[in-house]
Amino acid sequence: MAEAHPVGFQWVMEAKKRGARIIHVDPRFTRTSAVAHQHVPIRVGSDIAFLGGIINHVLQNELDFREYVVSYTNAANIVSDKFQDVDDLDGLFSGFDAESRTYDPTSWQFAQEDDDEDLGRAQADDAGDTAEQRNTASGMQHEAHGMQVGAKPPRDETLQHPMCVFQVLKRHYARYTPEVVEQICGVSQEDFLAVCQAWTENSGRERTTALVYSVGWTQHSVGVQYIRAGAILQLLLGNMGRPGGGIMALRGHASIQGSTDIPTLYNILPGYLPMPNAEKHQTLTDWIDSVRNPGSKGFWANAGAYGINLLKAYWGDAATAENDYCFDYMPRITGDHGTYRTVLDMIDGKVKGYFLLGQNPAVGSAHGRAQRLGMANLDWLVVRDLFEIESATFWKDSPEVATGEIVPEECRTEVFLFPAASHVEKEGTFTQTQRMLQWREKAVEPPGDARSELWFFYHLGRMVRERLAGSTDERDRPLLDLAWDYPLHDEHGSEWGEPSAEDVLKEINGYEIATGRPLSGFGEMKDDGSTLGGCWIYAGVYADGVNQAARRKSRHDQSYVAPEWGWAWPMNRRLLYNRASADPEGRPWSERKAYVWWDEEAGEWTGKDVPDFEKKKAPSYRAPEGSDGVAAIEGIDPFIMQGDGKGALYAPQGLIDGPMPTHYEPVESPFRNLLHGQQGNPTRKEYRRADNPMNPDPREPGAAEVFPYVFTTSRLTEHHTAGAMSRYVEHLAELQPEMFVEVSPQLAEERGLEHMGWCHVVTARSAVEGRVMVTERLRPLRVEGRTVHQVWMPYHWGQGGLVSGDSTNDLFGISLDPNVLIQESKVGTCDVRPGRRPTGPALREYVEGYARRAGVLGDGGNAVVTASAEAQQESAAAQQGEQHSPQQQEDQ
Amino acid sequence: MTQTPHKRSLLPWPVLRQLADGDLLGRGRSVRSKRTDDVVPRTTSADRVAHSVCPYCAVGCAQKVFVKDEKVVQIEGNPESPVNRGRLCPKGSASKNLVTSELRQTTVRYRAPYATEWQDLELHTAMEMVADRVLKSRKDSWQDIDEHGRKVRRTMGIASLGGATLDNEENYLIKKLFTAMGAIQIENQARI
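Taken in sequence, the protein lines are chains A and B.
Here the first sequence is numbered in my numbering, starting from 1 and rising by one per residue.
Here the second sequence is numbered in my numbering, starting from 893 and rising by one per residue.
In short, the hints are calculated from the structure, not lab data.
All residues carry an ideal CB built from backbone N, CA and C; glycine is no exception.
Mixed in with the good hints, there may be bad ones.
If you only want the chain B side, here are some residues facing chain A, beta carbon under 8 Å, derived [said to hold, decoys possible]:
| # | residue |
| --- | --- |
| 1 | 933 |
| 2 | 976 |
| 3 | 1000 |
| 4 | 1005 |
| 5 | 1019 |
| 6 | 1034 |
| 7 | 1043 |
| 8 | 1069 |
| 9 | 1080 |
Straight-line Cα separation of at most 27 Å, DSSO-like style, residue types lysine-lysine; simulated pairs [to be verified]:
| # | chain 1 | residue 1 | chain 2 | residue 2 |
| --- | --- | --- | --- | --- |
| 10 | A | 553 | B | 960 |
| 11 | A | 442 | B | 956 |
| 12 | A | 526 | A | 608 |
| 13 | A | 593 | A | 17 |
| 14 | A | 442 | B | 960 |
| 15 | A | 350 | B | 1043 |
| 16 | A | 152 | A | 82 |
| 17 | A | 553 | B | 956 |
| 18 | A | 170 | A | 152 |
| 19 | B | 963 | A | 442 |
| 20 | A | 350 | B | 1028 |
| 21 | A | 152 | A | 615 |
| 22 | A | 17 | A | 608 |
| 23 | A | 615 | A | 16 |
| 24 | A | 350 | B | 1031 |
| 25 | A | 593 | A | 616 |
Some chain A residues near chain B, calculated using beta-carbon distances under 10 Å [claimed, not checked]:
| # | residue |
| --- | --- |
| 26 | 313 |
| 27 | 462 |
| 28 | 486 |
| 29 | 725 |
Kindly generate the complete structure, drawing on both the sequences and the hints.
Set out below in structure tokens:
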């Protein structure tokens, strides 16, 4: 954190000054470790084993915050007795289908009081086609809402029922003892227990513990389950929805949170509404009901209004109740259309044109060679950036030009490099890591022909619409009917003016159509077409016609919560689910940790933040029989976007790879899974092709000799991701001028590497070179009884810029987490050799020689399902009855 | 700069002034010169200040952008911000260098198929060419129904990557236009 988010880290230092204990768990000793109380080196890719060990420590010693756990989590819910856990099935959960490598989650559900016929429709909804859910990364919709479970599952609040979540969890993690943690993670029992002690002693009524992570957790084939493990722990210890607690994702780009909320992503629409699917969302009602999920508790019950407001914002007057608000204008997704699938489709010649908008995949995405070969096989490519980045010049100076795989005279891709406006040359909002929107004023005009994306896309849309004017082709209606009239600032002459970002923000916020009055919140959105709004979770950012994101009241003139600096979604709440900061009766858990509470006299919730709860709903409120939606949220249900209002220790829905995190080895690992026959995540997304070979798993003979080491990557303070904003900047280039490879003194000795000399790192995809940095910041770990060496590299370089070097992401193959389709690019296996790598065509021969020796040339990978045949059969047999699609359920 | 200009010392060698003044660490008057006293911060002579936010990571450090003669002359952290309290990291501190760099592209560069060099292109001409190509690729790769006969109304011929460094308003228009166009392979860094 000190390295990649240094200014955010000042708050950790503030906490340290006030007595907080700082623990840094990282394979490498960094600038963060230097100021932490404890640095715990860990084997890359073993975090679930580590966290599972802490969960086990909490459960075995009854250190959980019991009152919080009983009231606010699903610990008391009873799980179906059809559920079988990984210990019975060699690392699989029940319901596994080996052919599609997906689970039928029916047996994971909560028990029903009645028979199967009455399986809540809410539950059955998600028990549909999980292969399809994997392809559409449906887990991402959960960013703004939780899983969809029935509102009233049976509960045992004594937590004694053998199938209650608490007991299921306790059995699941019983194997994660300190000895096992030591064996898998390479963390000494002493270090591990010190972490357990610090975490549990600093949680409870009087104290809270915060958990911070970044892409060191997300970029794994089990990335979502890493974060789930953190969530389980924080819920057990009562650290969610409370000041000083929580799980903080430190995001790496200025508006990466914004580009998820208002997504430029294939599977979601603004506000985490699903992109319509050809199969599931044939009508407006299908689409809305799939979100609204009748029978569940919570605010998604109003999804009809959110969806219709988006359609009205898109198609304006053309969108009417009679034509289902132009729902048919939406293109449909049918599977995996993610960036990696698309790049492989480019190699296969299926994609004609590609836009790159402030992104440099030639350096920043996994498997750089595949990225560049894809770009070289397009009809046209538009790159919009500040500098002449590698993704714009692949045709003349990429590594593939050197190897002869791309020949400029034979490469047909037409390339347009448009100069982009910088952050000071345009107005608009970023949404930062804390969900806060901040408005930026325009300081100066962009130089020369540089323009904003707002300008580029507004005018591209205008020109496309002008060309299609008068078309009678049905397919052109969505473009011709598009609401695309934005007022222009006219500094470039009236036709080519810059659109007003503030007017776009007003549309995002939403307004009453008849009067133009901006909505003050999503509660004002109507499902009758009388209001429109482009992103329901942002409703309120333009309340009262005031740009709330532009607020800059000094921190000296307001409370530490600082509610009048910028604006946070939803409804300016700075701390989500903050109802949990008060006890079930609505009183603060302790004076130290008071945040929001129920004011009995005034009959409302109040406190230091905007309460994340209906203002007038008393803690004593209990839902009437048969209620759903918002009315079903009881006064003691703080997690108001969850289907049952409770924090999920166990997730019966919405995850492709299991209801609880369980340890799997990374796709590439020198170790066999100590716990189960199932080696890696059995449901991970794979692309098996000759151009995407994965290093062999340790079962393969000779694997350990060819690629014996583990490697990982991360950032340097002085550079930014793929380098487009730092390698071209003099000061930063000077501070970190060269690609390097960090190795321990022991590994340097083993491979004959010389400090400051050259070395190169090899995988089945490529070989990259850098200067050797021999340092004790990396230390060999003892794992499963033998020594493992870990290698670390920054990934900021490419052939362009003031300082150039090999690109570390060239080393990775493409293998994805099944829930969100993020690639495993924080761990792999490799070889390290002294000296520089071969150049020209010899590089490919060299790399292919490694792949051949490892036995992975041409076939793309190893067996994914490695649990025993019996376990596979038993898991499959646990599928009860046949699957029902939502439509069939309705018919019953 | 709040120090009062002092009478110029007659001792020419700073070390002699240090000794004479007892300023052994060389942090006081002994190391001041006329030039030092004449220097004023760029922030005080700026024509205006724009409120901005650092473009690098997602912490959201508030910046003050100082402008003189329509040029950015300084970028500093905003001390009023509850996020960064005026601080910037090495990257944020280098953001003036980022926006004023002479390496920035300021004209459209065009590489024709099979060409070995860039050529220049007028901005509006380039826009016309891109609009033509978008419509042609859309037409050539249009699907009303997919291979299973399901209505899909889309093109699989146009893809886009990027958005995490852009503004919400920009992402909003990008997704809106591509959706209306029928392009669905729209992605950004959040997937990565």
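Each hint tested on the structure:
Taking 8 Å as the C-beta contact cut-off toward chain A, the hint placing residue 933(B) at the interface is violated, the least distance being around 17 Å. Interface hint at residue 976(B): satisfied, since its Cβ lies 5 Å from the closest Cβ of chain A, which is below the 8 Å cut-off. The restraint placing residue 1000(B) at the interface with chain A holds, with a minimum CB-CB distance near 6 Å, inside the 8 Å limit. For residue 1005(B), the shortest C-beta to C-beta distance to chain A is roughly 4 Å, which falls under 8 Å, so the interface hint holds.
Interface hint status for residue 1019(B): upheld, as the beta-carbon distance to the closest one in chain A is roughly 6 Å, under 8 Å. Evaluation of the residue 1034(B) hint against chain A yields a held restraint, the C-beta minimum of about 6 Å falling below 8 Å. Hint on residue 1043(B) holds. Least Cβ distance to chain A is approximately 7 Å, under the 8 Å limit. For residue 1069(B), the interface hint holds, the least distance from its beta-carbon to any beta-carbon of chain A being 5 Å, beneath 8 Å.
Residue-level restraint check for residue 1080(B) holds (minimum Cβ-Cβ distance to chain A is 5 Å; threshold 8 Å). About 25 Å separates the Cα atoms of residue 553(A) and residue 960(B), which keeps this hinted pair within 27 Å; it holds. Of the supplied pair hints, the one linking residue 442(A) and residue 956(B) holds, its CA atoms being roughly 11 Å apart against a limit of 27 Å. Pair hint residue 526(A) plus residue 608(A) does not hold up; C-alpha atoms about 30 Å apart against a cutoff of 27 Å.
For the suggested pair residue 593(A) and residue 17(A), the alpha carbons sit about 18 Å apart, so the restraint of at most 27 Å is met. A hinted pair counts as satisfied when its Cα atoms are at most 27 Å apart, and residue 442(A) with residue 960(B) qualifies at roughly 14 Å. Taking the CA atoms of residue 350(A) and residue 1043(B), the gap is about 20 Å. The hint holds against a cut of 27 Å. For a cut-off of 27 Å, the pair hint linking residue 152(A) to residue 82(A) stands: about 19 Å separates their Cα positions.
Proposed proximity of residue 553(A) and residue 956(B) is supported: the alpha carbons are some 14 Å apart, at most 27 Å. Using a Cα cut-off of 27 Å, the hinted pair residue 170(A) and residue 152(A) holds, with the two alpha carbons roughly 23 Å apart. Straight-line distance between C-alpha atoms of residue 963(B) and residue 442(A) comes to about 12 Å, which keeps the hinted pair within the 27 Å bound. About 15 Å separates the Cα atoms of residue 350(A) and residue 1028(B), which keeps this hinted pair within 27 Å; it holds.
A threshold of 27 Å between alpha carbons decides the hint, and for residue 152(A) with residue 615(A) the separation of about 23 Å falls inside it, so the pair holds. Annotation: proposed proximity of residue 17(A) to residue 608(A) holds, straight-line Cα distance about 23 Å (limit 27 Å). With a C-alpha separation of about 35 Å, the suggested pairing of residue 615(A) with residue 16(A) is violated against the 27 Å cut-off. Distance hint between residue 350(A) and residue 1031(B) is fulfilled; the C-alpha atoms sit about 14 Å from each other, no more than 27 Å.
For the hint pairing residue 593(A) with residue 616(A), the CA-to-CA distance comes to about 22 Å; that is within 27 Å, so the pair holds. With a cut of 10 Å, the hint placing residue 313(A) at the interface with chain B holds, because the nearest CB-to-CB distance is about 8 Å. With 10 Å as the threshold, the beta carbon of residue 462(A) comes within range of chain B, its nearest partner Cβ sitting at about 9 Å, so the hint holds. The criterion of a C-beta within 10 Å of any C-beta in chain B is met by residue 486(A), whose closest approach is roughly 8 Å, and the hint holds.
At a threshold of 10 Å, the smallest CB-CB gap from residue 725(A) to chain B is about 6 Å, leaving the interface hint in force.
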